[in-house]
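Chemist: One-letter residues, chain by chain:
Protein chains: 2
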Amino acid sequence: MKVGGLLTSAGINIGLCVLFLSLYSILRKQPQNVKVYFGRRIAEEHSRLRDAFILERFVPSTGWIVRSLRCTEDEILATAGLDAVVFNRILVFSIRIFSLAAFLCVFGVLPLNYFGQDMIHVRIPSATLETFTIGNMQERSRWLWVHCVALYIISGVACLLLYLEYTHIARLRLLHVSRAATNPSHFTVLVRGVPKSTKESFSCTVESFFTKYHASSYLSHQVISKVGKVQKIVTGAKKAYRKFKHFKDTTVDQGCKLTTYRCGLCGASSNSFKLLPVELEKEKEKPDVNGSDLSLPDQDCGAAFVFFKTRYAALIVSEILQTSNPMKWVTSLAPERDDVYWSNLWLPYRQLWIRRIATLLGSIVFMFLFLIPVTFIQGLTQLEQLQQRLPFLKGILKKQYIITQLVTGYLPSVILQIFLYTVPPTMMLFSTLEGPVSHSERKKSACCKVLYFTIWNVFFVNVLSGSAINQVNSLSSPKDIPMQLARAVPVQATFFTTYVLTSGWASLSSEVMQLFGLTWNFIRKYIFRMKEDGDFVPSFPYHTELPKVLLFGLLGFTCSVLAPLILPFLLVYFFLGYVVYRNQFLNVYCTKYDTGGLYWPIAYNTTIFSMVLTQIICLGVFGLKESPVTAGFTVPLIILTLLFNQYCRKRLLPLFKTFPAQDLIDMDREDEQSGRMDAIHQRFHSAYCQFVDTDDIPLEGVHVGSRNEDGSGSSGESSCKEGTDDSKGDLSHPTLDGLPISRLRHVVRSLGFIIRLQKRGLST
Amino acid sequence: MKVGGLLTSAGINIGLCVLFLSLYSILRKQPQNVKVYFGRRIAEEHSRLRDAFILERFVPSTGWIVRSLRCTEDEILATAGLDAVVFNRILVFSIRIFSLAAFLCVFGVLPLNYFGQDMIHVRIPSATLETFTIGNMQERSRWLWVHCVALYIISGVACLLLYLEYTHIARLRLLHVSRAATNPSHFTVLVRGVPKSTKESFSCTVESFFTKYHASSYLSHQVISKVGKVQKIVTGAKKAYRKFKHFKDTTVDQGCKLTTYRCGLCGASSNSFKLLPVELEKEKEKPDVNGSDLSLPDQDCGAAFVFFKTRYAALIVSEILQTSNPMKWVTSLAPERDDVYWSNLWLPYRQLWIRRIATLLGSIVFMFLFLIPVTFIQGLTQLEQLQQRLPFLKGILKKQYIITQLVTGYLPSVILQIFLYTVPPTMMLFSTLEGPVSHSERKKSACCKVLYFTIWNVFFVNVLSGSAINQVNSLSSPKDIPMQLARAVPVQATFFTTYVLTSGWASLSSEVMQLFGLTWNFIRKYIFRMKEDGDFVPSFPYHTELPKVLLFGLLGFTCSVLAPLILPFLLVYFFLGYVVYRNQFLNVYCTKYDTGGLYWPIAYNTTIFSMVLTQIICLGVFGLKESPVTAGFTVPLIILTLLFNQYCRKRLLPLFKTFPAQDLIDMDREDEQSGRMDAIHQRFHSAYCQFVDTDDIPLEGVHVGSRNEDGSGSSGESSCKEGTDDSKGDLSHPTLDGLPISRLRHVVRSLGFIIRLQKRGLST
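First to last, the sequence lines map onto chains E and R.
All you need for the working numbering is the position in the first sequence, starting with 1, plus 1073.
All you need for the working numbering is the position in the second sequence, starting with 1, plus 1073.
Keep in mind that a hint or two might mislead.
When chains are identical, the list treats them as one kind, so a pair holds in a single copy or across two.
Unchecked claim - List of simulated lysine-lysine pairs, BS3-like, C-alpha gap at most 30 angstroms: (1) K1285 / K1401; (2) K1299 / K1285; (3) K1723 / K1285; (4) K1108 / K1285; (5) K1723 / K1269; (6) K1272 / K1598; (7) K1102 / K1285; (8) K1723 / K1272; (9) K1598 / K1723; (10) K1730 / K1598; (11) K1108 / K1269; (12) K1299 / K1102; (13) K1299 / K1598; (14) K1598 / K1108.
Please keep in mind that the hints were generated in silico from the structure rather than gathered at the bench.
Chain E on its own, in the form it takes in the complex (with noise of 0.2 angstroms):
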């Protein structure tokens, strides 16, 4: 590929990101789409719009540019949660190190390569990009200490930088427990494997062992049913009251939105109007129906969620081993209200390592499969290759020189692209199947195999079957790979500076306009002519995200001595992903969850590997030239390297595993001397209220982004509440001669439930 080539494609690209910022500045003042650009806000403040037609609205601005940088880190750390700090904190990390890597390869070895031979150098639009990596120097050249001096400056700032991120990441992480001062989760151990008793009800088989072995700590517990038939009509039947709701809310605030909103949901009115009665009363008469079998499929499942009287209690028996077998009685911190994924909690605890071994062998072999499109899109980028195989595109590709530019530079990023979109929502579902209890442990999961996925499909498989197309199992001699390495990836330096203009660029304007949202929402408004769903806010997609920013961090180092063309492409990408990902967590995905800034230890090893892999590249590109003194230079860095990476491990890795019990204890002493403990105990008894389902938003009261700093407690208590009035009750679960009150109780509770709702409905 040529530098012109690389030209069009930059050109087309930053045309590209340009209309698309542009077309953002002007959509997001459009009153019809602040729900897709605004939705966190939205949410959490309720604020009403100016509707106003005026010019500035239809005027490009760069003033969401400058709010998204004024923002400072307390503000997203209140907004978006802890995980969204250490995303920025990793934006922040990649800006720093590839300033400098860019500076010292652009000025300091770029130079080099380019008069590394005596040749006679074309014009530079011309020159091919290999002209440009380290593939051009000379054999045994004594310039090349240069590039190993700015592989170890390199490599020594980004370890510092590294831990100072990882001290302030850890720092926060405590921070961020300590704030939730009284957060119920921290209190509750998850219990499973509870083993079953013949004699005594599920309940009192919990309780009797907490009392006998854990008594001075133990408060209550809450024994977790499975989901059935009852939880389906309650579900059901909130959802209807919601929209009911809702609509009451709409009709009241459509005089101000006139102007703005086509009336369609006026016309539409008396027909929900009419609609939902007929739903409440199917409801309504289901209990009737089956009232006999109600009770059965409504089963206490082996789990129950059991409070303790300090945080620290909470932590010694979630990480001391129970009873002399490991498969039962296994407990863990609970994740938060808000985090529970209670379509797993009911799976066996004996099934999990099964199903662990069964998604990561699925996982894999979808790896692997995934290698036949890849192998025929890297055909493209030869175009000889290409033409070799299918003969009638020879006369094509020669005579129009744009169709080859475009075919070279362009078209195989993107027919790539296409097929990695189909990743994430596989991924996220072997994550599910896998069975995590909570919503963030699953994306964290997926962002994982996401992650492993992009580095293997688009950098090794690039790598290694790119540069000899047909050759994919080279797996099979790794002593060769790095000599493998060391040949392809200055070679496929140019792909992949296209593939940051294509798959960099691109997708950031995408974020930024909101595509599918915008899309979405266009069509519903305007062809289905439904009303919003007001309250759905979606959450930060950190497992297709995260692996995206560090799959380029991956790239940048690997390129950034070999072939330094990529970093100021690269530059700008993080450059506008730093403005975009803080806009973006500033106003439009609300945190539900929160891992409690677990993303950093992933990105942090992925860093690790990345540059360790950079340093085993040049160690075989010096050798490839024949310079045994670079080389031999190299090895002590791959050890420092490693050994900096044991000592963050053995130092700080520990605080992302469990917490400090100084802290746990000294919180739980101050709540006790502040008299605030009882307060907190009475929380519990609605914390962890199971018939809210975590997918549908709580009936009164926006929870959104209050979650951070209070906890989930408040708004888990209130809907609660709301939803059940002997919840209290439910606390101690006693039985009546084995039988377990508790499941008579929810069919009771869902009947008043419903009762409730149609007294309200009939009131309105």
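Position chain R relative to chain E; hints supplied.
Modeler: Chain R only, in chain E's frame:
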């Protein structure tokens, strides 16, 4: 190699074995060897020997075999500890599985192999051993399914037996804890990485931390001091005293030993009597000379033993991360008193990870440098290649048949064996440098290292490079390794068979003979005329014996289906080992420390590895024999074995990493209810007295073997009280305006001790 060669080798080894065992049965009856063959018993029972000269003493007998077989598992547990039982169970497992394998393969597979090809069979003694391996089967043979079925049966039964052993040992481990009810180590946590404070003394830091955060369970603590001059003086003084004491004992007992012992001791007595007071006076003088700077090198070193009120509390503190710096206040359950490796305790905790990496690298380098002699030796088994390299040998080797037989059948293993003797000490050195805090941990670590070393250097290097000399870098293509193994293992089976004969049988004979101990005993007694060092009894060398047994297990599994001729020899080895090791446990070795069954996971992992390796090799062989059906059927077997392994890791392995809370709480409660707890707490005062050095035997009473039943506390306590009258007051470590009184105390204590010594010396 021909069958004749093998039989020659077997004949030599059987002869040697019978000779050694007969010699043993005679030598063990000679009173002068009693310290060699009954070290443990002598130490435990103080038995006096009958010394009549009767003919029976010089007639070989088999009574010891009967006694060894008759002893029950409980007896072994009581006398030699849980590790000995684990070792015994490994032998039992091996005997069981290889009995089945030998039956199946010798009667089912061997005839198939022998008649596998249409060929004229020569006389069996002249038949090459390859005729009996799977290499003799025709390609695409219909009879290969027999091999496949045999593989299935062996794997299935092995898994079942493994599971039974695993559960059995896990139960024993729990019992082991509950039996050693008064063991102070269960109540003790070793804290390392205590931060230095300028304000308060080290002891105060520890006390204030634990009273602040674990006030309800904290009892007391004991700071560990760096071994300084005072320590050396005290040790020296004690040694002198011991010599003196021992001399007194032996002179008193002398009368009844006169007939058997040469009276050399009497002649030397006046000399040693004169010598000792001089030594004592020297020791006595030292404190006065260095009196001023005595307390300087005796530093506190960032580590302490902390005692808790209950076992459960100690477990909690040992497992929970204490502070937000995981390199500070690092807690772990303390090893038992006799198990503590004092000189490693004062290593700074932050050094350990570096030490671990360094020793890991060191062992790997050692492992690969060892290749050089091994590959040379391997040349000896392939006569043709040897003759090509050393032409002058040709004449010799061709003429003399017996030399050829010896060279091919016997010599290679012997040379390899001699080289292998250097391995355990080297690995033990590496393990010491690693910085373990207990003797048992050090031995376990050395055991792992020796195991990896043995498997790599005896099995893989022989297989991979032995089949084609000078090809040692076969690691470069892991995909080919199964195929290479499949080609090489049947060929190398000959070597492995002779290896079982020489290394296996012969090493057992020399183990039971205690050649080294016997020789040393003889030299010391009759050449140096030293008096008996009665109290020194070695502990069982798990780090040399366990890898041996596991290596033979690996050879058995890998050769079972492919070259079944090895199995009868192997079975004899295991039977002999069963008798010999049990005898050694009962009579020779004493158990000073115990890992609590932690050798089992090592043995389990190795067995699973052996099984999967066998299956992979069989897969390769079936592939080579172009039998897709049997190869296809082997794949699910590998998957099933791995699934079984995963299940065991989930279900049983956690029990070997920690203790279940339930059991500990029950024990605590029982002790509290029976009022034993106070008595146990009283023992803490002297449980971890540092100034009785571990390698020496305490002054009063022999504490060998009693540790298992009621813990080291008793012996440690008595010896501690002997040495220090003020040890009780030492626990609280008071300071006088920041000046650590404990340091002064050490000086005072040692002085007092020496004065007391002097008094006693004068009184006798």
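Chemist: Taking each numbered hint in turn, which are not upheld by the structure, reported in ascending numerical order?
Modeler: 4, 6, 7, 9, 10, 11, 12, 13
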